[in-house]
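Protein chains: 2
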Amino acid sequence: MVDGTNVVRELTVDLGERSYPIYIGEGLLQETSAYLEQHGVSKKSSLMIISDDNTAPLYLDTLVSSLTNAGYTVASAVVPAGEASKSLSMFENLITKALEAGLDRKSTIIALGGGVVGDLAGYVAAAYMRGIRFVQIPTTILAHDSSVGGKVAVNHPHAKNIIGAFHQPAFVLFDLKTLQSLPLRQVQCGLAEVIKHGLIWDESFVDWCDENMDKLLALDPEALGYALYKGCSVKAAVVSVDEREGGLRAILNLGHTIGHALEAVAGYGELTHGEAIAIGMIGSALVGVKLGAPQSVYEVTKRVFGKSGLPTRLPAHFDTDAIMSAMMHDKKFTEGSIVYVVPTAIGRVEVRSDVAASLVRETVEQLKQEADWQ
Amino acid sequence: MVDGTNVVRELTVDLGERSYPIYIGEGLLQETSAYLEQHGVSKKSSLMIISDDNTAPLYLDTLVSSLTNAGYTVASAVVPAGEASKSLSMFENLITKALEAGLDRKSTIIALGGGVVGDLAGYVAAAYMRGIRFVQIPTTILAHDSSVGGKVAVNHPHAKNIIGAFHQPAFVLFDLKTLQSLPLRQVQCGLAEVIKHGLIWDESFVDWCDENMDKLLALDPEALGYALYKGCSVKAAVVSVDEREGGLRAILNLGHTIGHALEAVAGYGELTHGEAIAIGMIGSALVGVKLGAPQSVYEVTKRVFGKSGLPTRLPAHFDTDAIMSAMMHDKKFTEGSIVYVVPTAIGRVEVRSDVAASLVRETVEQLKQEADWQ
Ligand SMILES: NC(=O)c1ccc[n+]([C@@H]2O[C@H](COP(=O)([O-])OP(=O)(O)OC[C@H]3O[C@@H](n4cnc5c(N)ncnc54)[C@H](O)[C@@H]3O)[C@@H](O)[C@H]2O)c1
Ligand SMILES: NC(=O)c1ccc[n+]([C@@H]2O[C@H](COP(=O)([O-])OP(=O)(O)OC[C@H]3O[C@@H](n4cnc5c(N)ncnc54)[C@H](O)[C@@H]3O)[C@@H](O)[C@H]2O)c1
Ligand SMILES: [Zn+2]
Ligand SMILES: [Zn+2]
Chain A
1 MVDGTNVVRE LTVDLGERSY PIYIGEGLLQ ETSAYLEQHG VSKKSSLMII SDDNTAPLYL
61 DTLVSSLTNA GYTVASAVVP AGEASKSLSM FENLITKALE AGLDRKSTII ALGGGVVGDL
121 AGYVAAAYMR GIRFVQIPTT ILAHDSSVGG KVAVNHPHAK NIIGAFHQPA FVLFDLKTLQ
181 SLPLRQVQCG LAEVIKHGLI WDESFVDWCD ENMDKLLALD PEALGYALYK GCSVKAAVVS
241 VDEREGGLRA ILNLGHTIGH ALEAVAGYGE LTHGEAIAIG MIGSALVGVK LGAPQSVYEV
301 TKRVFGKSGL PTRLPAHFDT DAIMSAMMHD KKFTEGSIVY VVPTAIGRVE VRSDVAASLV
361 RETVEQLKQE ADWQ
Chain B
1 MVDGTNVVRE LTVDLGERSY PIYIGEGLLQ ETSAYLEQHG VSKKSSLMII SDDNTAPLYL
61 DTLVSSLTNA GYTVASAVVP AGEASKSLSM FENLITKALE AGLDRKSTII ALGGGVVGDL
121 AGYVAAAYMR GIRFVQIPTT ILAHDSSVGG KVAVNHPHAK NIIGAFHQPA FVLFDLKTLQ
181 SLPLRQVQCG LAEVIKHGLI WDESFVDWCD ENMDKLLALD PEALGYALYK GCSVKAAVVS
241 VDEREGGLRA ILNLGHTIGH ALEAVAGYGE LTHGEAIAIG MIGSALVGVK LGAPQSVYEV
301 TKRVFGKSGL PTRLPAHFDT DAIMSAMMHD KKFTEGSIVY VVPTAIGRVE VRSDVAASLV
361 RETVEQLKQE ADWQ
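Protein chains in written order, with full-length UniProt numbering: chain A, 1 to 374; chain B, 1 to 374.
For reference, chain A alone in the conformation it holds in the complex:
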């Protein structure tokens, strides 16, 4: 689809009757109403936009104008930025707002923001009247991940993402212009998941990332559009086969077994999710090599994360016992067996349940010895 002089990339997340498109292009935000109309969103029922207080000041007005100019009735709710907003009490506040705004069964909730807003707004949409329409306008690179697959959730004080649903959006609109305001650390964090999608599925895309990392870090729209398109495509391919996490979807956890444990033991704000899984993916590559993958799996993995500026080494002060015990509590343990995603080549992984804890422990120790990438 070509829109003026800008290319709009489009891909479909193929989930039978729940299939939906993702549009990626520059300046799409101001055209949101046209996309809603194209998707048959009626003007008789109110819409509600949910955003956070970093994103709203930058982009909410543009979105609201697009909608009201087209004749939609719009309510907005702005939550504090940050993971703490993915709570049941924020969820309740938003349900109250939805009731006050008169949302009915034909209403649509629009998420404008990163993964936090997407997960939170998506769960509100999943629960309100047992499920109303949902549209995602992700404004972070990381949200390319959360916008595919329909996983929505809030956190419980004792466990992340434990209260949620599978609720697929009607469509996803990625406006590359909104990504220009992302702080570098958020850019890198999102790139970690982009690279992950290459590592599990597509060697040539890993090579492309390796060669184009400078452009990605500079938020070059053409490079970014392509990377988001590829990242979403891989995730879409995986979830199309396994919508409800029966099997294949486990490969998306590459680097996350160690990564989640690092997040659990790290001090507040010490590691972003992307940083934690970058270290986790280096760890997985080490495990892979120990189990027979070629040494180049480790080398390429380390190089691409190194170029992105993500950490490739675990800071020495992290306690290995604490990391191992956090791993044991992770929800990926089903009936006592651990699911571990091991690379066998660049672009190929296998899910194994026989990886010894001792091997993982050894790897965690080794991650502290890693030389910095330069």
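The set of hints was computed from the structure by calculation and includes no laboratory data.
One or more of the hints may lead you astray.
Repeated chains share a single entry, so a pair holds when one copy, or any two copies, can fit it.
[Said to hold, decoys possible] Keeping only pairs whose Cα atoms sit at most 25 Å apart, straight-line, the calculated DSS-like set for lysine-lysine is:
#: 1; residue 1: K368; residue 2: K307
#: 2; residue 1: K215; residue 2: K307
#: 3; residue 1: K44; residue 2: K106
#: 4; residue 1: K302; residue 2: K43
#: 5; residue 1: K106; residue 2: K160
#: 6; residue 1: K160; residue 2: K44
#: 7; residue 1: K97; residue 2: K307
#: 8; residue 1: K97; residue 2: K43
#: 9; residue 1: K215; residue 2: K177
#: 10; residue 1: K307; residue 2: K160
#: 11; residue 1: K43; residue 2: K106
#: 12; residue 1: K97; residue 2: K44
#: 13; residue 1: K177; residue 2: K307
#: 14; residue 1: K43; residue 2: K215
#: 15; residue 1: K177; residue 2: K106
#: 16; residue 1: K215; residue 2: K302
Fair warning: this is a prediction, and the values are worked out from it, not measured in the lab.
Place chain B with the ligands on chain A using the hints.
Chain B with the ligands only, in chain A's frame:
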């Protein structure tokens, strides 16, 4: 299926890959573990029973014994009886309990109680880790209705059932023995929905209710088993065609447009749901006759509710304006048009959106003038 000397009635709620059976018979509670085994519920993951403080003292021990004797690990949570437990804060407590009990993705939540426990426990099961297995053991007659169709929810202070999901159980187990302890008012309340299922779908079943009302009120197991079987069958037939409330499912709202409005304006505890919809169904019959249905629709409707001891007249102190305005706020209004279910014959209804508010107002007034049934 025959079990010892007792007949176990079985029917299937046909929802494709989400299809599930309902078992109805005497003494099934103590055999719950056998049903779980038959449905492949693993003993490696913990179960959690959710019940209320009326039902738990009567039946929880029997259920727990059945499960632990068979080798299941079981946690229990007991909530205060009553609609107030269908709240987001009770939901949060139960999620915490589930986490503490170590429930994982392969765990099962069992609802032991009436519709309140079923809706609440079902929503916990729908949300926990984005959905785990759910089994219903309904202990009220009314819960024959709530156990078919997968609608689960909690209430918001401003709206009933507004926070929820569609989450189908793995199976439903109706032990007729547990119904023997039901107070008469609860029996009548449940029969209102049983009769409703006849009125919308099956004239001969309405005749059967008319003839067997004494047995039903006396909780005769054979009559009760048949009535629950028929009631569930009608509801199952409707939801099989329309799982997510796109169309046909609206006929299940017979009597509920007026009924919900009466509940909204009634003083606390003045009307049960069954009493409110019984009056509502008399009202719908009156509307039906005004719109051309034979007078007998009204007569039969009134007789069968009269025999059951449910009210057939609206107490005079109810304010018609308040009722009409409550009706306007009901969530069945979609894009401004009202959905009203009108009988055209006994066992047949149509969903109309052209019923004038003035006709409904006139009917509400008329309901206050009704002669008592004797
Ligand atoms: N549902 C899924 O499948 C899935 C997958 C991955 C991650 N997630 C969830 O996503 C969340 C993380 O997502 P995230 O990294 O996008 O976090 P986020 O939403 O918190 O965004 C990161 C930060 O960037 C700010 N921000 C967002 N857009 C911006 C913009 N365009 N310009 C400037 N600042 C902007 C935000 O306000 C926030 O401070 C986590 O809660 C995680 O659980 C969900
Ligand atoms: N999900 C659905 O499709 C659906 C359909 C209809 C109703 N509902 C919901 O069901 C609820 C009403 O169901 P209900 O009438 O069963 O209410 P309930 O669960 O409150 O039970 C009624 C009363 O009977 C008590 N009780 C339950 N079993 C008993 C037994 N065997 N012996 C003695 N006492 C017993 C309960 O403790 C309670 O006090 C409402 O919240 C309604 O919204 C849901
Ligand atoms: Zn991740
Ligand atoms: Zn009802």
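Could you check the structure against the hints above and give me the numbers of any it violates, in ascending order? Failing hints, ascending: 4, 7, 10, 14 and 15.
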